[in-house]
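Protein chains in written order, with the numbering used here: chain F, 1 to 449; chain D, 1 to 449.
Hints listed in this document are in silico derivations from the structure and should not be mistaken for laboratory results.
Just so you know, even glycine gets a beta-carbon here, dropped at the ideal spot from N, CA and C.
Heads up, none of these hints are tricks.
BS3-like, lysine-lysine: derived pairs with alpha carbons at most 30 Å apart:
1. Lys222/F x Lys134/F
2. Lys335/F x Lys233/F
3. Lys409/F x Lys45/F
4. Lys257/D x Lys409/F
5. Lys233/D x Lys216/D
6. Lys45/D x Lys409/D
7. Lys134/D x Lys222/D
8. Lys409/D x Lys257/F
9. Lys335/F x Lys335/D
So the derived label-pair ranges between C-beta atoms look like this:
10. Gln183/D x Ala370/F: 29 to 37 Å
11. Thr406/F x Ile215/D: 46 to 54 Å
12. Phe218/D x Ile361/F: 35 to 43 Å
13. Gly240/D x Ile361/F: 19 to 27 Å
14. Phe341/F x Phe218/D: 51 to 59 Å
15. Lys335/F x Phe193/D: 53 to 61 Å
16. Ala370/F x Ser72/D: 45 to 53 Å
One side of the interface only, derived from the structure: several residues of chain D facing chain F at Cβ under 7 Å:
17. Gly294
18. Leu328
19. Phe331
20. Ile369
21. Ile373
22. Thr381
Number of protein chains: 2
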Amino acid sequence: MNPIISRIRNLTPAQAIVSYYFLAIGISVGLLNLPGVHQDGVEVKFIDSMFTAVSAVSVTGLSVLNVSETYSTFGIFMLMVILQLGGIGIMSLGTFVWLLVGKKIGLRERQLIMMDHNQHSLSGVVNLIIEIIKILLLIELLGALILTFYFTQFYETFSQAFIHGLFASVSATTNGGFDITGQSMIPYHNDYFVQIINMILIILGAIGFPVLIEIKAFLSGKNKNFRFSLFTKITTATFGLLLLVGTVVILALEMFKSFRDMSWHEALFAAMFHSVSSRSGGLVTMDITEFAQGTNIFISALMFIGASPSSVGGGIRTTTFAIAILFLINFARGKNEIQIFNREIQLIDVFRSYAVIILAIFMVLFATIALSISEPTLPITAIVFEITSAFGTCGMSLGITDELSTFGKILIMVLMFVGRVGLISFLFTIGGRTTKTKFHYPKERVIIG
Amino acid sequence: MNPIISRIRNLTPAQAIVSYYFLAIGISVGLLNLPGVHQDGVEVKFIDSMFTAVSAVSVTGLSVLNVSETYSTFGIFMLMVILQLGGIGIMSLGTFVWLLVGKKIGLRERQLIMMDHNQHSLSGVVNLIIEIIKILLLIELLGALILTFYFTQFYETFSQAFIHGLFASVSATTNGGFDITGQSMIPYHNDYFVQIINMILIILGAIGFPVLIEIKAFLSGKNKNFRFSLFTKITTATFGLLLLVGTVVILALEMFKSFRDMSWHEALFAAMFHSVSSRSGGLVTMDITEFAQGTNIFISALMFIGASPSSVGGGIRTTTFAIAILFLINFARGKNEIQIFNREIQLIDVFRSYAVIILAIFMVLFATIALSISEPTLPITAIVFEITSAFGTCGMSLGITDELSTFGKILIMVLMFVGRVGLISFLFTIGGRTTKTKFHYPKERVIIG
Ligand SMILES: [K+]
Ligand SMILES: [K+]
Numbered sequence: 001m002n003p004i005i006s007r008i009r010n011l012t013p014a015q016a017i018v019s020y021y022f023l024a025i026g027i028s029v030g031l032l033n034l035p036g037v038h039q040d041g042v043e044v045k046f047i048d049s050m051f052t053a054v055s056a057v058s059v060t061g062l063s064v065l066n067v068s069e070t071y072s073t074f075g076i077f078m079l080m081v082i083l084q085l086g087g088i089g090i091m092s093l094g095t096f097v098w099l100l101v102g103k104k105i106g107l108r109e110r111q112l113i114m115m116d117h118n119q120h121s122l123s124g125v126v127n128l129i130i131e132i133i134k135i136l137l138l139i140e141l142l143g144a145l146i147l148t149f150y151f152t153q154f155y156e157t158f159s160q161a162f163i164h165g166l167f168a169s170v171s172a173t174t175n176g177g178f179d180i181t182g183q184s185m186i187p188y189h190n191d192y193f194v195q196i197i198n199m200i201l202i203i204l205g206a207i208g209f210p211v212l213i214e215i216k217a218f219l220s221g222k223n224k225n226f227r228f229s230l231f232t233k234i235t236t237a238t239f240g241l242l243l244l245v246g247t248v249v250i251l252a253l254e255m256f257k258s259f260r261d262m263s264w265h266e267a268l269f270a271a272m273f274h275s276v277s278s279r280s281g282g283l284v285t286m287d288i289t290e291f292a293q294g295t296n297i298f299i300s301a302l303m304f305i306g307a308s309p310s311s312v313g314g315g316i317r318t319t320t321f322a323i324a325i326l327f328l329i330n331f332a333r334g335k336n337e338i339q340i341f342n343r344e345i346q347l348i349d350v351f352r353s354y355a356v357i358i359l360a361i362f363m364v365l366f367a368t369i370a371l372s373i374s375e376p377t378l379p380i381t382a383i384v385f386e387i388t389s390a391f392g393t394c395g396m397s398l399g400i401t402d403e404l405s406t407f408g409k410i411l412i413m414v415l416m417f418v419g420r421v422g423l424i425s426f427l428f429t430i431g432g433r434t435t436k437t438k439f440h441y442p443k444e445r446v447i448i449g
Numbered sequence: 001m002n003p004i005i006s007r008i009r010n011l012t013p014a015q016a017i018v019s020y021y022f023l024a025i026g027i028s029v030g031l032l033n034l035p036g037v038h039q040d041g042v043e044v045k046f047i048d049s050m051f052t053a054v055s056a057v058s059v060t061g062l063s064v065l066n067v068s069e070t071y072s073t074f075g076i077f078m079l080m081v082i083l084q085l086g087g088i089g090i091m092s093l094g095t096f097v098w099l100l101v102g103k104k105i106g107l108r109e110r111q112l113i114m115m116d117h118n119q120h121s122l123s124g125v126v127n128l129i130i131e132i133i134k135i136l137l138l139i140e141l142l143g144a145l146i147l148t149f150y151f152t153q154f155y156e157t158f159s160q161a162f163i164h165g166l167f168a169s170v171s172a173t174t175n176g177g178f179d180i181t182g183q184s185m186i187p188y189h190n191d192y193f194v195q196i197i198n199m200i201l202i203i204l205g206a207i208g209f210p211v212l213i214e215i216k217a218f219l220s221g222k223n224k225n226f227r228f229s230l231f232t233k234i235t236t237a238t239f240g241l242l243l244l245v246g247t248v249v250i251l252a253l254e255m256f257k258s259f260r261d262m263s264w265h266e267a268l269f270a271a272m273f274h275s276v277s278s279r280s281g282g283l284v285t286m287d288i289t290e291f292a293q294g295t296n297i298f299i300s301a302l303m304f305i306g307a308s309p310s311s312v313g314g315g316i317r318t319t320t321f322a323i324a325i326l327f328l329i330n331f332a333r334g335k336n337e338i339q340i341f342n343r344e345i346q347l348i349d350v351f352r353s354y355a356v357i358i359l360a361i362f363m364v365l366f367a368t369i370a371l372s373i374s375e376p377t378l379p380i381t382a383i384v385f386e387i388t389s390a391f392g393t394c395g396m397s398l399g400i401t402d403e404l405s406t407f408g409k410i411l412i413m414v415l416m417f418v419g420r421v422g423l424i425s426f427l428f429t430i431g432g433r434t435t436k437t438k439f440h441y442p443k444e445r446v447i448i449g
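So here's chain F without its partners, still in its complex pose (with noise of 0.2 Å):
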C-alpha cells in the first residue's frame, strides 16, 4: 500500500480532525495570495493573510482587515470558497464522529438513519456525508435567493445584489460572521427581515449536524420507532435556553442604557439578534462598544460556552455546559446519576465535560494574562472578549483585532484553532490514548474545599 494512505488510515479520528484543519488552513493561505484577490494597491502582510485564512477556516470571522477594502470579487468569492472548506469540513467531520460514537455505543436512531439510507458500509457513510453537503448547499441557496431579491431594492445591478446575498447566506450558514459591507450588520439595525433570515441560518450552522440528520428522519416518518437521541435532546434545550436567557439578560441588562432610546420592538431584536450571534454567529446589528462591561462580559460567558457539538460553532459546547449543570443540580441534591429525558448521562460524559472545562478555563485564563501582558494599552474587558470569540469561534470583537501586535495575532490564531477542532480532540491529539492501569494502589479519601 501507499505509504502516506496507509498513514492515513492509521491516524485516529483526533489526528484526521486536526490534520484536516492543517490542510485546510494551508491550502486557505495560497487561496489568498493568488493574484487578483486583493484589490488594486493592496498589500496585504502575510500574518493578515494566515490571520483571514486561520479565522475563515475555523468560521470564526475575527478580522485584522477590512474585508470590503482589502479583497477584490474574487478575493470575496475565495474567502467564500475558504468559508465553504471550513463549514463542510466541520460538517463531513463531525457526521463521521458522530457515526463512528454511535457504532461503538449502538445508538439506536444512529442505526434507524443507517438503515433508512441502507448505508452499512463505508460507501454509505460517504453517501450520507454528500447528501448533508447538499442540505447544506440547499439552505445556503434559499437563503442566498431570499437575500438577493431582497438586496435588489439596495442595489442597482442584480449581479451586485446576487454577490451580497450569496456571501451573506454563506457568512450566516457557515456561521462564518465576515461581513462585506464593512459594517457588520449595522445597516440593517431597522430590517427585521433580513436579521430573521440570519438568525434562522445562524440557527441551522450552530444547533449541530446531527441534529438536522435526526430532524429529516423525524419529517420523513419513513420510521414508525423514530425518537430523537438524547444527545439532540440535550443540546436543543440548551441551545434554546441559552437564546433564551441571553436575550432576557442582555435586555434587562441594556434596557436603560444603549437600548433606551429605541422602541420595544428594536430593544427586543437588538437583544434577540446578539443573543443568537453569540452561540457562534458572529453578526452585530450595532456598535457593541456601546454595551455595559457586565453585559459584554456575560456575552462572554455565552462565547465561550459556543454551540452545539458537530456544529460549525466552536466553544466548550453546548452539551459539556449541560451536563455541568445536570451534575451540579444533581450533586447538590445529594444524587449520583444525572438522569434527564428519562435516560441516565455516563460517568465517563461527566469526566469529559470536566475536563473541557477545566482546560478551557486554563486557557482563556493564560491567554487573558498573556495578552494583557503582550497588549498593555488595551482593556482587559475588550481583551477576554476578544479571547472567548476567538474560542467560541464567534467572532464578535470590541474593535481592537486590527490593534493586536503579532504575538496577540498568533495567540487568536491558536485559539480559533482550538476552539474549531474542539478540546475533547486536542486532549486526545496530545495525550494519545486510552491505556488501561495495571494495578491499583489503596484509595484514600481527601478533605475537599
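Fit chain D with the ligands to the known structure of chain F by using the hints.
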C-alpha cells in the same frame, strides 16, 4: 431534653458550621458597637461595622474603613478578639470535621493520633481541640513576643510596641490581614526580618490544622508506624508549588516593570511575600496597583484557589485545585484512575472538586457582572481582584473596597462568608443530605466538546 439543645444536636456538620458563623458575626457586630470602641468623634455606619465584622470573623481583612483612624485601642483589642473568634472557630470546626471524616472512613493517622491522645469519646475530641487552640495561641504568643522586642526600636514605649506586635502576630497567624499602621506592611518593605516572621505565621495559619496535628504527631516520635495522610501530602505539596509558581511568575511579570528599580533581593522578597500573601494572608509590602493588569489577574487566580481545607484560608482550597489538575493530567493520558503518592483518589472526591469549581466559577462570574453593573466607574480588573480576594478570604485589594456601593458591600460580604464556610458545606446546607436513587434509567452517550 431542652428543645434548643435537641435542635443543635440534629444539625448536620455543614449546618453547624454555617450556624456558628452566623452567631459569630452577630456577636462581632455587637462587640464593634460597644461604647469606647471608636476613636473620639468617629461615627461608623451600620453597614460598615457589619462589613468589618464579617471581614474579621471570616479572617479576610478587606476593609471599608481605615482601622488605625477609626478604632480606639479598646476597639483594636475587640477586633483582635473577633479575629480569634474567627480563627479558633475555623480551627476547631475544621478539626472536628477532619475527625468526623476520619471516623467514617477509618483514617489510619487519625486513629493513631486518637490513640496517642486516648481520645475515643467526645471529651477526647474536646481535649484535642483544646490542645490545638493551645498550639495556635502558642504560635501567636511566640510571634507577638518576637515582633514586640523587634518593634521596641520603632516605638517610644514598650506597651505601644506590644500592642503593635501582638496585633501583627494575631493578624498574621489568623491570616486576618488587618493592619493598624494604615499602610499594611508597606513601612516594612525593606525589613526582611519582619517579612519572614509574617510569612511563617501566615503559612502556619493557612497550611491547615490537620497538617499541623500530623507534623506534631510525627515530631513526637511516639508512633513508630506513623505516616502522613494523603491529604497532608497533597495539600502541602500543592501549597508549596503554588508558593513557588506564584513567586516565579510575579517576579517574571514585574521584573522589568514595578520591580525595575529594585535590587535582586528586594524584587525576590516582593514576589515571595505577595505570593505567600495571596494564599490567604492579605498583607502587602508595596502598592499593588503598580502591578501590571496581567499580574493582578494572575494573583486573582491564586486567591481564587486559596489555602488548605480546615485552615484559616478560603477559596476553592488547594486540594480541590490539586485534584482538578491531577484529574486533567490523568484524563489526557487516557487513565481512569488518579494515582498519587502511592494512593488512589476516590471518585466522590473528584465529583466534589468538580462541583466546587463549577459553583465557584459561577459565583465569581455572577458577582463580576453584578458589580460591574452596580459600580460602573470601577475598573474591571479591580472588581475581579476584589471578588476573588473576598472569596479566597485573602483581603488584598486594588483599593476599591471603600468606594463600593451598599449593594457592592453586601455582595462582598456574602462572598467572604461563602469563601469562609467553604462551598462544599454551602452546597450541602442548601441541598440537604444524600438520597439514594430508587430506580435507574437506561444510560445513553452524549457527544461532548
Ligand atoms: K463565527
Ligand atoms: K485574609
